[in-house]
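S.K.: Build out the structure end to end from the sequences listed, making use of the hints.
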Amino acid sequence: MAKKIAVFASGNGSNFQVIAEQFKVELVFSDRRDAYVLERAQKLGVRAVTFELKEFETKAAYEKEIVQFLDKHDIDLICLAGYMKIVGPTLLAAYEGRMINIHPAYLPEFSGAHGISDAWQAGVDQSGVTVHWVDSGIDTGQIIKQVRVPRLQEDSIESFEARIHEAEYKLYPEVLISLGVDKL
Numbered sequence: 001m002a003k004k005i006a007v008f009a010s011g012n013g014s015n016f017q018v019i020a021e022q023f024k025v026e027l028v029f030s031d032r033r034d035a036y037v038l039e040r041a042q043k044l045g046v047r048a049v050t051f052e053l054k055e056f057e058t059k060a061a062y063e064k065e066i067v068q069f070l071d072k073h074d075i076d077l078i079c080l081a082g083y084m085k086i087v088g089p090t091l092l093a094a095y096e097g098r099m100i101n102i103h104p105a106y107l108p109e110f111s112g113a114h115g116i117s118d119a120w121q122a123g124v125d126q127s128g129v130t131v132h133w134v135d136s137g138i139d140t141g142q143i144i145k146q147v148r149v150p151r152l153q154e155d156s157i158e159s160f161e162a163r164i165h166e167a168e169y170k171l172y173p174e175v176l177i178s179l180g181v182d183k184l
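Residue numbers (the UniProt record's numbering): 1 to 184.
If you're looking for bench data, these hints aren't it; they were derived computationally from the structure.
Do not take every clue at face value.
[Said to hold, decoys possible] Quick list of simulated restraints, FRET-style, between CB atoms:
id, residue 1, residue 2, range
1, H73, L184, 17 to 23 Å
2, K183, G123, 34 to 40 Å
3, S136, E55, 21 to 27 Å
4, M84, E166, 20 to 26 Å
5, L179, H73, 14 to 20 Å
[Unchecked claim] Calculated lysine-lysine pairs in the BS3-like style (CA-CA distance at most 27 Å, straight line):
id, residue 1, residue 2
6, K72, K183
7, K85, K43
8, K59, K145
9, K145, K4
Yeah, the Cβ is synthetic: ideal placement off N, Cα and C, and Gly gets one too.
M.R.: Take a look at the structure:
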């Protein structure tokens, strides 16, 4: 039986697009109504839904609504791809061991929201990309797969960031295949 995946994103959705062009994505979830990922989903014919935290009394109520929605669609695996909310205990408990994240740094180096710029400002000669299981920490879950991305002498922050993203676009599909997600 094919695994049903949901992609969570808060912004541009470039990783979602790469995934959706290679795998059947059941739905896209965004925490922002203005996220470009919603437009990408529409163009690709993927169902998209948005719940904003400010519409709920508590984060637990917000996540409970998300879980109920995912359960209605029999989602097997959540793929965080630029999802900028910290996953709380309600969602984590419901999808423990079934939620992965891509991070634009070679963890445990440069965890958090600014992995690329933090690596750049630190002056490291390489960074990377990591796909990991999601746990209650910030980018602390068990690593599934990583790849190094060198910082070239001629790099600008923009060229370095572009190469990090290119590595993401290769790594996420490799991990999904390794987890038994069927390609289109």
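S.K.: All hints, please: hold or fail.
M.R.: A quick look at each hint next to the structure:
no., hint, verdict
1, H73 / L184: 17 to 23 Å, "18 Å, holds"
2, K183 / G123: 34 to 40 Å, "39 Å, holds"
3, S136 / E55: 21 to 27 Å, "24 Å, holds"
4, M84 / E166: 20 to 26 Å, "21 Å, holds"
5, L179 / H73: 14 to 20 Å, "18 Å, holds"
6, K72 / K183, "23 Å, holds"
7, K85 / K43, "25 Å, holds"
8, K59 / K145, "30 Å, violated"
9, K145 / K4, "21 Å, holds"
The structure is inconsistent with hint 8 alone, although it conforms to all the rest.
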